[in-house]
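Engineer: Which chain is which? The protein sequence lines are A and H, in order.
Following the numbering used here, the numbering of the first sequence begins with 1 at its first residue and continues without gaps.
Following the numbering used here, the numbering of the second sequence begins with 1 at its first residue and continues without gaps.
Derived by calculation from the structure, the hints in this document are not laboratory data.
Errors might be hidden in some of the hints.
What the hints assert, rightly or not - Chain H is faced by these chain A residues, among others (derived, beta-carbon under 8 Å):
(1) 129
(2) 159
(3) 162
(4) 163
(5) 164
(6) 169
(7) 173
(8) 177
In this text, a Cβ means the ideal position worked out from N, Cα and C, and glycines have one as well.
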Amino acid sequence: MSAPEDAGRKSNNHGTRRVLHITFVVLGFFLLWQTVVDAARIPEYLLPAPSAIFAEIGSAPNWYLMHVARTVGATLLGFSAALVVGYIAAVAIVYSRILEDTLFTLLIAMNSVPKVALAPIFIIWMGTGLSSKVAISVLIALFAIVVDTVLGLRSVDPDAVDLFRAMRGGRFQTLLWLRAPNALPYLFSGMKLAISLALVGAISGEFIASQAGLGYVILASQGAFQTTRVFAAVVLLGVIGTILFLIIDQTERFFCPWHISHRGRHRGQAAR
Amino acid sequence: MTTAPAEPAFLAIDGLNKTYPSREGNIAALKHVNLEIGSTEFVSLVGPSGCGKSTLLRCVAGLEQKTSGAIVLSGQLVTAPPENMGIVFQRDVLLDWYTVLENILLPARIRGLSRRTLTPKAEHLLDLIGLTGFAHRFPWELSGGMRQRVAICRALLLEPSLLLMDEPFGALDAMTRDELNLELQRLWLDNAKTVLFVTHSISEAVFLSDRIVVMSRSPGRIIDTITVDLPRPRSLSIRETPEFGRYVAHIRGIFESFGLLRGSHVRA
Ligand SMILES: Nc1ncnc2c1ncn2[C@@H]1O[C@H](COP(=O)(O)OP(=O)(O)OP(=O)(O)O)[C@@H](O)[C@H]1O
Ligand SMILES: [Mg+2]
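Isolated chain A, as found in the complex (with noise of 0.2 Å):
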């Protein structure tokens, strides 16, 4: 058997591996762009070279932190909030059948409604600050939580669920010990996604009106023909995106080892 510190050194690894595997496809993506650029002599101002989105964002480094700093805080408070909110709307529906056929089937109807839709609406709700954007996130990444958490709370073994009648558990002790770590990797499938669907809605406020964040600054480069500023927007979410997925896949490998995509990789960690 593996002592635990093993264990941790493996997942380490893998996710170093990870990480290098996908820096040296994005690097090998770049250096195709950058050859073809050269080669071709596209203009500037219809496809930037890599060199040049990243010299653009070399000259005002600052500039450019602050307008992520503002669209990475908007997507992370809209993923927690809509996490946290998701999670015990998940659970409610769960347990009560009312809230399934009500709330439930409610988000399902309201899941067809292009959520982008309504992101002008929030704006004229809250302004154009931070907490219409957040608030957009919010409602695009909810859904993904509640139906993959709802999904795991469900999937349970009935076997599991008689074992645990049988040794005279309630409800809560069902819910906590049973159902709610067999939902975990559903809700990290869930996290996975509505990462993603949080920074789209962050971006999607910050197009329709906003003084700040990444979405502005496409907006207004646009506006402007600065095509550079606009790729260098693009390539910066793009890094955003990857690092918040990876975050959260490091952090299911840590919470879930016994799951049977994890196998193997991480034996003999305690799962607390």
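Assemble the complex: chain A is given as a structure, and chain H with the ligands must be docked to it using the hints.
Structural biologist: Same frame as chain A, but now just chain H with the ligands:
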């Protein structure tokens, strides 16, 4: 051959009926089942597939609502899972997010008992069943036989006076099954408790039981009860003795006389 205990039985099943509602009307699973089991008695249920063995066990466990009749466990009517009961299913139902030790301690966790106090007890059970040193493994690192051993330890943790087992070794290979039969007998001899054991295997039933209850095809009725008078502890080689063979043949004869062996799942 039926035994009639003089004192009130530890477990008394009286006129138990169970029907399941279904779209095509009611399915009768159990029909007028009467059974008395004494304290520390090892009783096996055998019968063709679908005859209601699991249903009977689940009614005794308080997991299934009975349609009519009464189940009385040490003087108390069973309507919900009783306090001092342990249960082992055909599938081990170990929780993947807990280690072996934590799985065994699950009954303590659920009852709100101190897991620290019960840890030595859990480790002792692991030793008894031959899993020393596996306490901190995860269920998915164990073989099927090892997993079922853990499930047995979990059922025994709080020293239940009634142990219910629904084909606990049904999914195991013959050798592991033999081994676990021996271990179960040893555990039972060490710390005698009432066991109600469901099995498809006639020879497993003869090997383990004090008494064997034979059930008919659905709707399940008790068609015979056989007392097994073989000395204990029984070793695996007892299965080659003529007495053992006579018990097996007798039970198979009952099945045949009721036309239950044609294409049924009961095997010797
Ligand atoms: N939840 C249920 N709903 C409806 N019918 C059921 C249900 N559970 C069992 N039955 C029916 O009751 C009868 C007895 O089933 P049970 O599971 O008790 O049989 P069994 O003797 O344990 O069979 P096996 O040896 O195959 O496990 C069967 O006809 C089955 O179809
Ligand atoms: Mg059964």
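Engineer: For every hint, state whether the structure bears it out.
Structural biologist: So, going through the hints one by one against the coordinates:
1. The interface hint given for residue 129 of chain A is violated, since its Cβ lies 42 Å from the closest Cβ of chain H, which is over the 8 Å cut-off.
2. Taken as an interface hint, residue 159 of chain A checks out: its beta carbon lies about 5 Å from the nearest beta carbon of chain H, inside 8 Å.
3. About 6 Å separates the beta-carbon of residue 162 of chain A from the nearest beta-carbon of chain H, less than 8 Å, and the hint is met.
4. A hinted interface residue such as residue 163 of chain A counts as satisfied when its beta carbon comes closer than 8 Å to some beta carbon of chain H; here the least separation is about 5 Å, so the hint holds.
5. Contact between residue 164 of chain A and chain H, as hinted, is supported at the beta carbon level, the nearest pair being about 7 Å apart and thus within 8 Å.
6. Below 8 Å, beta-carbon pairs count as interface contacts, and residue 169 of chain A has one with chain H at about 4 Å; its hint therefore holds.
7. Annotation: residue 173 of chain A was flagged as interfacial toward chain H, and the flag holds, the nearest CB pair being 5 Å apart, inside 8 Å.
8. At a threshold of 8 Å, the smallest CB-CB gap from residue 177 of chain A to chain H is about 7 Å, leaving the interface hint in force.
Hint compliance for this structure: hint 1 alone is broken.
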